[in-house]
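Colleague: Modelling step: build the complete structure from the supplied sequences, incorporating the hints.
Protein chains: 2
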Amino acid sequence: MKIIEVDEELYQYIASHTQSIGESASDILRRLLHLPSLNIRSVALDLSDKTENIDRSLSLQQETASIYSESTVNQQTIQPQEEIVTQQVQVVERAEPDTELDVSKQSDAADLMILLDTPEFKQESKAVVRFLTILSGLYKLNNDAFTQAIRSENVQGRTRVYFAQDEQTLLDAGNHTKPKQIPDCPHWVITNNNSGRKMIMLEGVMREMGFDEKTIDYVKNAFVADN
Amino acid sequence: MKIIEVDEELYQYIASHTQSIGESASDILRRLLHLPSLNIRSVALDLSDKTENIDRSLSLQQETASIYSESTVNQQTIQPQEEIVTQQVQVVERAEPDTELDVSKQSDAADLMILLDTPEFKQESKAVVRFLTILSGLYKLNNDAFTQAIRSENVQGRTRVYFAQDEQTLLDAGNHTKPKQIPDCPHWVITNNNSGRKMIMLEGVMREMGFDEKTIDYVKNAFVADN
DNA sequence: GAAGGGATCGCCGGGATTTTTC
DNA sequence: CCGAAAAATCCCGGCGATCCCT
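Residue numbers (this note's numbering), protein chains in the order written: chain E, 1 to 227; chain F, 1 to 227.
Simulated from the structure, these hints should not be mistaken for laboratory data. Careful: at least some of the hints might be erroneous.
Pairwise CB distance ranges (calculated) [what the hints assert, rightly or not]:
# : chain 1 : residue 1 : chain 2 : residue 2 : range
1 : E       : Gln-165   : F       : Glu-23    : 51 to 61 Å
2 : F       : Ala-110   : E       : Thr-159   : 35 to 45 Å
3 : E       : Ile-3     : F       : Lys-220   : 31 to 41 Å
4 : E       : Gly-196   : F       : Ser-152   : 45 to 55 Å
Just so it is clear, CB atoms sit at the ideal spot from N, CA and C, and this is done for glycine as well.
Modeller: Rendered as structure tokens:
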């Protein structure tokens with residue numbers, strides 16, 4: 001083991017991306033950097049558990065699996081039984097209708113993919129709707145992270161303000177921005193821009209929220225997919 | 001600074017992504033993680049106490065707006081007329097045993113280096129922002145020395161005026177000089193020149209302020225470093 | 001402010017490059 | 001007239017919002 005020094009904020013960033021209790025800095029960093037894990041990782045397991053639980057299509061299962069395949073490729077060591085037990089507990093807990101606010105970090109990516117995989121979403125032809133739906137999903141996944149993310153300067157324009165808690169702020173910062181409230185969310189977004197910019201906005205928010213690049217890519221693709 | 005433990009292989013991975021000599025682990029990781037740069041302006045504000053948490057929510061927008069805003073006409077953030085009064089108050093505030101104009105003191109130089117060492121600064125791609133940030137930092141370090149320094153003939157152009165307490169002075173002395181207010185500082189600088197000239201301007205101010213050559217060199221390097 | 005969506009086009013800022021001055 | 005220093009033009013990339021299409 002090596003010791004490295006990281007600044008306070010980066011430390012917080014890393015710590016905040018803990019996905020399972022007791023995870024080491026290495027584990028977290030490896031996940032964020034898309035490096036293969038040394039220890040068995042539970043992400044793949046989690047995904048499949050969740051899959052059964054939520055009863056979704058097979059195709060998504062495959063997609064999801066392939067997306068994370070990198071992290072499962074060279075995993076030779078198998079983790080103790082405890083791991084599995086934990087998983088089962090989680091499944092049970094999640095078996096009830098999910099109305100609670102604190103969605104465990106672990107399932108962020110999966111929840112998001114489930115949302116984007118619904119026929120309703122895929123069928124949706126309007127970019128604004130897909131845009132708003134994704135934002136709404138992001139908020140629901142982790143409203144604190146989302147609320148923090150949209151404050152970042154990285155999701156602001158040169159003169160326009162992209163996100164705010166109220167319509168007026170957005171109206172004041174630009175002309176004809178066409179603000180819309182994000183569904184089931186206290187925040188507003190501006191809407192009068194092309195799809196490219198909408199994608200940039202999504203990307204910015206997700207990056208701020210700490211999603212890894214793979215997931216961000218997945219969402220971007222889902223957003224773009226027009227049929 | 002926080003200490004974290006990473007496994008050998010991950011350590012090698014991070015180290016192998018060094019892009020500039022002397023880069024810290026934090027810098028490298030921030031780049032690899034696509035961590036958004038923070039608001040440079042607030043860093044400058046926070047020069048003397050950089051570990052403290054920064055509230056970026058409200059002040060950020062305003063600061064950013066003032067920097068990029070083109071309609072500087074109705075900006076009344078700073079009042080030139082009361083300038084002298086303000087200065088005097090600050091003198092009194094600074095009236096501690098070792099208050100001098102000699103800026104070459106270790107601690108001041110160190111403060112400056114701390115600012116330039118932040119990943120936020122290093123990651124800043126725009127020369128103007130780095131330029132303004134450094135000037136802001138210089139002012140913060142010793143506003144009297146700074147205010148005196150920019151009056152010197154050595155920081156004026158042949159026809160252009162480089163620094164002034166108000167935009168108009170700069171506008172009057174040249175065409176398309178693109179003056180900008182230095183963040184958290186009552187003074188303005190012109191901005192429409194290449195990076196070489198910006199560096200000459202920094203150098204001039206610092207020399208006038210009494211920085212030693214080593215520190216000046218350090219700052220020049222930090223300013224130039226572009227990635 | 002009310003039709004709505006969003007691609008297209010034009011403006012703006014950054015700063016290297018070119019032009020001008022001494 | 002040449003070289004150096006300063007000034008300012010101008011190109012490029014990014015963002016805003018107009019305006020065309022549905």
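Colleague: Which hint numbers doesn't this structure obey?
Modeller: Violated: hint 1 alone.
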